[in-house]
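Engineer: One-letter residues, chain by chain:
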Amino acid sequence: MNIEALDPFKRDILESALSVFANYGFKGASIEAITDKTQTSKRMIYYHFGSKEGLYQAVLDFAYSKVRARNNKHDFSKEDPIEALSAFAANAFDLFNGFPDFVRIVLQENLQGSMYLQSAEEIIQVNRDNLALLNEILERGKHMGVVRQDVTSINVYMNFTGLCSHNVSSRNAYKALFGIDLSTPENLANRKASICDAIVRYVKA
Amino acid sequence: MPKALEKLDCPKSIRVNNPERTIAEIIKVASQEFASKGYAGVRIEQIAEITLTSKRMIYYYFGGKDGLYQKVLENAYKKIRTLESNLIVRSTRPEDALKELVEYSYDLLQANEEYVQIVMSENLQKGQFVSQNAVIKEMAVPLVNIIADIYRNGIRNGVFKFGLNPVEIHAFIQAMCFFNVSNQHTFGAIFNDKIAEKNGSKVQILSKSRVVELVLNFVKI
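Going down the list, the sequences are from chains C and Y. For the first sequence, the positions run 0 to 204 when numbering that gives the first Met the number 0 is used. For the second sequence, the positions run 0 to 220 when numbering that gives the first Met the number 0 is used.
Just so you know, these hints were derived from the structure itself, not from any lab. Please read these numbers as outputs of a predicted model, since none were measured by experiment. From the three backbone atoms N, C-alpha and C, an ideal C-beta is built for every residue, glycine too. Careful, some of the hints might be misleading.
In silico negatives: residues of chain C with every beta carbon more than 12 Å from chain Y [what the hints assert, rightly or not]: (1) M0; (2) K41; (3) F48; (4) G49; (5) P80; (6) E135.
Derived DSS-like pairs (lysine-lysine); straight-line CA-CA distance at most 30 Å [as the list claims (entries may be wrong)]: (7) K125(Y) x K174(C); (8) K203(C) x K98(Y); (9) K207(Y) x K191(C); (10) K26(C) x K77(Y); (11) K174(C) x K54(Y); (12) K64(Y) x K174(C); (13) K207(Y) x K174(C); (14) K26(C) x K78(Y); (15) K141(C) x K219(Y); (16) K136(Y) x K77(Y); (17) K77(C) x K65(C); (18) K136(Y) x K191(C); (19) K41(C) x K125(Y); (20) K160(Y) x K174(C); (21) K160(Y) x K26(C); (22) K64(Y) x K191(C); (23) K203(C) x K72(C); (24) K36(C) x K9(C); (25) K174(C) x K27(Y).
Derived CB-CB ranges, DEER-like [unchecked claim]: (26) S130(Y) x E185(C): 17 to 23 Å; (27) D148(Y) x D6(C): 55 to 61 Å; (28) Q148(C) x E44(Y): 55 to 61 Å; (29) L94(C) x L51(Y): 46 to 52 Å; (30) G178(C) x L82(Y): 21 to 27 Å.
All chains should be built: construct the whole structure from the sequences, respecting the hints.
Structural biologist: If you want it as structure tokens, here you go:
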């Protein structure tokens, strides 16, 4: 999905629907809750997206496309591989932190057993392109002898995706259980530094 | 058989006479329902149907959907905290002790997918129920205390770096072990050919040894 070329009217529906689906999941979300947040009607939603299912698929596509639009702005290819890797992880941290609805809708999709993602070719490709980008950085590092040979890109990818996603999704639990607010600027900065440090230590030769 | 005896044999009358068992069974079924459907998706009528009780009885015991959900959360946390407290770390070397703890945490969450799903759902509704649940908030978190001991030893032996907080180390370990279970479906769908590590029918998106490695690298000097 090309975010820039999106009709503002449709984009408005997708933004509202994303926040409702992220909160309630596919089954728990109601079309009424979505129309309440926009200037549109139920009829217009069905006209543009066909069905609740069609809207949900468009929302997932929209969420992943927003992530891709942000990823594309970085050029990691010229940096030192270790610095590039650290920047890659930091970028994921900022991305997830600034886009909690993305983290949340992915979790919803997991709770649903990922029934929609399996057929979403374009989304799968976004992730695979991102992994390929990381792989290039790691291969460059291996070639230069700064990254150990047995590191795989999929493992590194999951390491920082897991750490960055958990920092967003478990925020409320840490506040309730430990009285720690993970979202203060200081805690966010510390956490981001720790994650980048851990990822770099993990890959270093 | 006389009518009166026949009536005594029917499950409903046993339930009436054994409220503790009925309550436990309602919580068990409700846990499965809340784990798979989330708070919004659960219908009390359905839980009543599966447990052969009634909506009225569930309201009588739990006060309503919110009360039932709070009990489900409490029960899930209590079970996990009890299992956490069963961990006996045998190694005396801090690095080995931490390795044991990470392995234990990993296996614990992998074996308790229902707990992971309940926590995921609760996190998705911004923890609004946990934050109001005094019982859960007062439960000690055994793993954090064990981590604090191990970390102290590691600092004393000069093998762990200064300035870390046991809660932070705990969050780090949980992030990995939790993610391995919570995001298995989307990762499975996107990278199915790249995830070679499978344990029976379960996809392990992060292998245990790699989680250990990541955590040790994070804590060691």
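Engineer: None of the hints should be skipped; say for each whether it holds.
Structural biologist: Hints and how they fare:
no.: 1; hint: M0; in the structure: 17 Å, holds
no.: 2; hint: K41; in the structure: 19 Å, holds
no.: 3; hint: F48; in the structure: 21 Å, holds
no.: 4; hint: G49; in the structure: 22 Å, holds
no.: 5; hint: P80; in the structure: 17 Å, holds
no.: 6; hint: E135; in the structure: 16 Å, holds
no.: 7; hint: K125(Y) x K174(C); in the structure: 10 Å, holds
no.: 8; hint: K203(C) x K98(Y); in the structure: 20 Å, holds
no.: 9; hint: K207(Y) x K191(C); in the structure: 23 Å, holds
no.: 10; hint: K26(C) x K77(Y); in the structure: 29 Å, holds
no.: 11; hint: K174(C) x K54(Y); in the structure: 34 Å, violated
no.: 12; hint: K64(Y) x K174(C); in the structure: 24 Å, holds
no.: 13; hint: K207(Y) x K174(C); in the structure: 28 Å, holds
no.: 14; hint: K26(C) x K78(Y); in the structure: 28 Å, holds
no.: 15; hint: K141(C) x K219(Y); in the structure: 23 Å, holds
no.: 16; hint: K136(Y) x K77(Y); in the structure: 11 Å, holds
no.: 17; hint: K77(C) x K65(C); in the structure: 24 Å, holds
no.: 18; hint: K136(Y) x K191(C); in the structure: 27 Å, holds
no.: 19; hint: K41(C) x K125(Y); in the structure: 27 Å, holds
no.: 20; hint: K160(Y) x K174(C); in the structure: 25 Å, holds
no.: 21; hint: K160(Y) x K26(C); in the structure: 46 Å, violated
no.: 22; hint: K64(Y) x K191(C); in the structure: 38 Å, violated
no.: 23; hint: K203(C) x K72(C); in the structure: 26 Å, holds
no.: 24; hint: K36(C) x K9(C); in the structure: 13 Å, holds
no.: 25; hint: K174(C) x K27(Y); in the structure: 27 Å, holds
no.: 26; hint: S130(Y) x E185(C): 17 to 23 Å; in the structure: 22 Å, holds
no.: 27; hint: D148(Y) x D6(C): 55 to 61 Å; in the structure: 59 Å, holds
no.: 28; hint: Q148(C) x E44(Y): 55 to 61 Å; in the structure: 58 Å, holds
no.: 29; hint: L94(C) x L51(Y): 46 to 52 Å; in the structure: 49 Å, holds
no.: 30; hint: G178(C) x L82(Y): 21 to 27 Å; in the structure: 24 Å, holds
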